[in-house]
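Student: Protein chains in written order, with our numbering: chain X, 1 to 157; chain C, 1 to 465; chain V, 1 to 507.
A couple of the hints might just be wrong.
[What the hints assert, rightly or not] Here chain V is said to cover these stretches of chain X; the calculated rule only asks that three of the stretch's residues, wherever they fall, bring their Cβ under 8 Å from a Cβ of chain V:
(1) 84-93
(2) 131-144
[Claimed, not checked] Under the rule of at most 25 Å between Cα atoms (straight-line distance), these lysine-lysine pairs were calculated in the PhoX-like manner:
(3) K3(X) to K487(V)
(4) K482(V) to K2(X)
(5) K469(V) to K334(V)
Rather than coming from a laboratory, the hints here were simulated on the basis of the structure. Note that the structure is predicted; figures quoted are calculated from it, not measured. Note that CB positions come from ideal geometry on N, CA and C, so glycine has one too.
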Amino acid sequence: MKKIIIELIGIVVLYALFFGLIYLMAISSQPLLQQWNVVPASGSGDEYREDFRKWALIVMAVSLVATLAWYALAQWAFRVAIPVARSKRLIWLLWLAVTILAAFAAVFLGPAASVNAHIPTLFYFLGGAGFYYLATVMFSPVSYKYTPPGASALRFF
Amino acid sequence: MDRKMRKTLSLAKLTVFLMAVGCMLASCSFEEPINANWPPHHPWENALQPSDSINVNLFLDASGSMRGFLAGGPDDRYLPVVEQLAGIATTGGWKTSQVKWWKFGAHVTEIPAKDRVEVRDPKFYSESTTQIDEVFRASNIKDLTVVVTDLFQSRADVDLLSSRLNERYLAGMRLTGTAGSAPVTPAVAVLGIETRFIGKVFELGEEGGRERSIIHNGTLPYYILVFGPLADVGQFLKRIDERFHDLLPHTRRVLFAERPVETLATQVDHGSMQVGFSFESNLMPRSSGGDKRVVQLQVPSLSGKKAEEADVIEPLLDCNLIHSGLNLDEKSLRAEVKGERPGANGSFEPDAGLAQALDVQSIKLEGNHLKLRLKLLRDQLRTGRDYRFEVRVFPTENAFQVPQSVLAWSLASNEVDQLVARQGFTPKGVGRTLNLAVFLQDLRDATFNGKQPPIGIVYFYVKAT
Amino acid sequence: MSCYLIAVGGTGAKIAEATLHLAAAGILPSPCELSVLFVDTDEGNGSLGRAIRVAQRYLDCYGLFKGTISLFNANVNLLLRVPWSPIGKDRKTLRSIFGPSKVEEHVMRCLFTDTDPRVAGQPEPLPGELELDLTEGFRARAAIGSAVWARTLNWAKSRPFEQLAKEIKDKRQNNNVKVMLTGSIFGGTGASGVPTIARLLHDEIGQDKGGKNFEIGLLPALPYFTYGDVGRPGEITADPSAFLANTKQALDYYEKRGYLKFFEAIYLIGDECPAQMRKPAVGRGEQTNEPLYTELMAALGIAHFYHAAPGEAGGDGGKPIGHLYLSSRENKLKLTWNDLPMDESVHIAFEKKLRQLARFAVALRYCFEPTITSVYKDGAAYRAPWYIDFLKRKNKFDEAENRNLESVKLYCESFLEWSMDVTRPNTQGFETRLFDRAVFCREKDDRRLRLASDDEFRLSGLEGLFVDKQEERASLDDIWAKACDTKPPHPPLDGVARALQAIYSSC
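Same shape as in the complex, but just chain X (with noise of 0.2 Å):
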């Protein structure tokens, strides 16, 4: 119990992380998104920077409840089979898939920028997948924490 404590405390410090990122892109008093000449297709910087940063929080939640719904797979729906399949990856990926999808939305239906446009293009696509990533390579239950790929490297604990 104390371990599955302390993992959803670090998906939540992680994600915080990720929050803390979308601050300094869009919310700071010196936001990046200005700093690195993002420019918003209409309406000012600050509507921009605004609506960027409810798309933003959306992948991120997106992101989240991924992490979350794989990780309560993980820990409480999966059974150890015999012998033992691999469609867990493919769940992985599946979830993935959807923080994927949430970018695209955000990319299409979030504000457009005129300028340096792939940045915060990136920043959904690397945000969402990357700390989903992040979080299920660091922080996947120990049963299944080498089937986010490249785990295996990554996590040492």
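On the provided structure of chain X, position chains C and V as indicated by the hints.
Tutor: Just chains C and V, lined up with the frame of chain X:
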């Protein structure tokens, strides 16, 4: 490698990664905006406020030519108005006001309160000359001076009156510089009221060494000149309007003041957005206190942009012109651009060459709004620098003109018309009408010539990235 | 600690098998060197064969861990790969053993029956005791056995005993040496062989140097099973109805001949409700009496003897005074974990080790071994994180390790098969509340038991493996998770042993 070393290595990898991210973020930070010498607020950004307490001096022309205004009757708009002027001054909205009546002719004599009924007495109007200088000697520019006169003046008198008014009330900006202005703007208002007249009309020029005059039985305008602080003058005129609702069709009014706007806009709407740059709200130093006169722009470099995607800005600001009664030719509005670049000590320094970077393409006055169309030439700005621009919109000298209806105020009497016409009186000729026009033009010129009173000032803080 | 176990006869072999399983569970003292000698005339005895097979599988497993963990921590050694027999193929009858001497022939005819012509209906007369084929055992006739032992057992010329004596003499100089003899007291081989061998050992070693650092223990099994007709009418066979009488006689014999005086400890084991053997047989491979829980009790007695401090088991400063240990259970028709005979101080620990071995055997057999095989062949090691942690990181799993894994799996199957029988009630109304056999066992049509298939196991799951131990319930998922979360100790074992160690510790 044992487990402990593996763990240490993984921690080290993670640390290096986070440090790299931190360095990347930190390296992208730009320098703090320049923090110094922010343009002061123009005094005209403050709304016109009437004085708390005012001294009102009412000067009544006691020359003989005024006697004809005592005609009485239903079209009498002389006595009912004149007799109320003191009351208007007293209840004009000032906290305290001290009103004095003065009779002027050869001299200026105060009329005690108990004697004020004498204004009805034709004997009151017995002065043969009017020394306008006496009026100015007795009045203070901070006081509200009201002169009731028929404005029958010779050219010399016109020159004298207009020069005195110019010196005391209208020179202001010309003396302090075109950009500067007195904290309290003086104004001169000319209110002509047409009333029943039975009497002689003078000042029609000399004939045979004698001054011509005719008997006129009809209507004739008399004039109330009001001069003093603009807000108080406006307040006085407003009280007259409130007191005498039906006076409007029978009046002509012009107000001369070098301040053309009620208030200079303190807030700018940056207007429609153009592709290629963004309006921001946090580029300026915090010490500027969020100055809403400033349009903050972040303008990236031109790489990747199409040539036709111009950096066009269309700010919109409020522009409530004072109801002066003058005609404004919008095409005569001009804009002056001043550019500043960062200096050595962190403050902005003027840069004459920068004015070309911001091109004013059009100025439109739409109702109570001033709409500008500006084009920012990004290629004249250096990347990584902040710039400051001031765009000042002002009317040219000839932008404001006295309406013809005021200049050529026709006399109701056909006889006077015919007389004037027979004598070949024209706007270029000598005559009362001419003198009125000359007088008013003199006042207009004194008010606007050599001056560039702003009707809108917009600042741009541009960050070239 | 040097321990010896001399298992005489079929019952001795079954008790030795149970002792080996306890050794695998880590219940014997640590460190411990256990040398086992099987003694039986009936080389083809099924129980003996099974015991030797278990011993060989144990040895294969010990080689992986070499005593580094409690699993297989006793260093087991087989003194002979085949059982030692007092008779040979060329001398397999009493007549041939005692030779052509007429005097002896006469004496033997007085003592033993000759070919008996009295059975009617037989085309040929059935052989008597003098012509009995002794390679199928002594048929529960201790008299036959005694005569054979007396004739053939020569300390100096019997190779294993010569080596045994020399070994013990060498080892006792630095360590305490304990020798346990076990066998049935109601049978033929055990009843006759055990006291004979014990006397010889005592005379050869026990008398030397005042018996210092040397203790002998005896575990004679009293009647605890029975069976029906073996199906060979007229032939000389072991008669279950005579077991009690034989037992009484044997005990009487021991007492009168002073055998009890030189044992440090005697552990008597029997059962008021004897188990009914399913398929009785005369001997050889047909005589595969299934393991019974009584042998587990006996093995725990042997473990107790080995654990006892020198002199504590019964001696007093080297002078044997003889202690009698009796085992009993609380309920006549029920055997529970609390009924297992262990010292109070170690009861819980030993119980847990036994259960740990059981859980390990089930988990390995049905989950971990198939997983390792699947990953080894098909890849996708991420499916089993422990595989990566223990078999891929700084380690290797190749064909050689695969064979090692197979050895451990075979042992686990042996253990489970033994457990199936041990926990099966062979008496009407009797209940063994140790393991729930339904987790890993199914009954065939002929009432024989077999290990459950993978599908059958999948349906039952691991959680209910132990009866009356709710607090120790653990599912396969729990064990899997623990194995994934386990870190190898330092220094880690190599090869598949590293993974097995982790899996074992997770059980």
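Student: Look at each hint and say if it fits the structure.
Tutor: Hint check results:
{"no.": "1", "hint": "84-93", "verdict": "holds (count 5)"}
{"no.": "2", "hint": "131-144", "verdict": "holds (count 4)"}
{"no.": "3", "hint": "K3(X) to K487(V)", "verdict": "15 Å, holds"}
{"no.": "4", "hint": "K482(V) to K2(X)", "verdict": "14 Å, holds"}
{"no.": "5", "hint": "K469(V) to K334(V)", "verdict": "16 Å, holds"}
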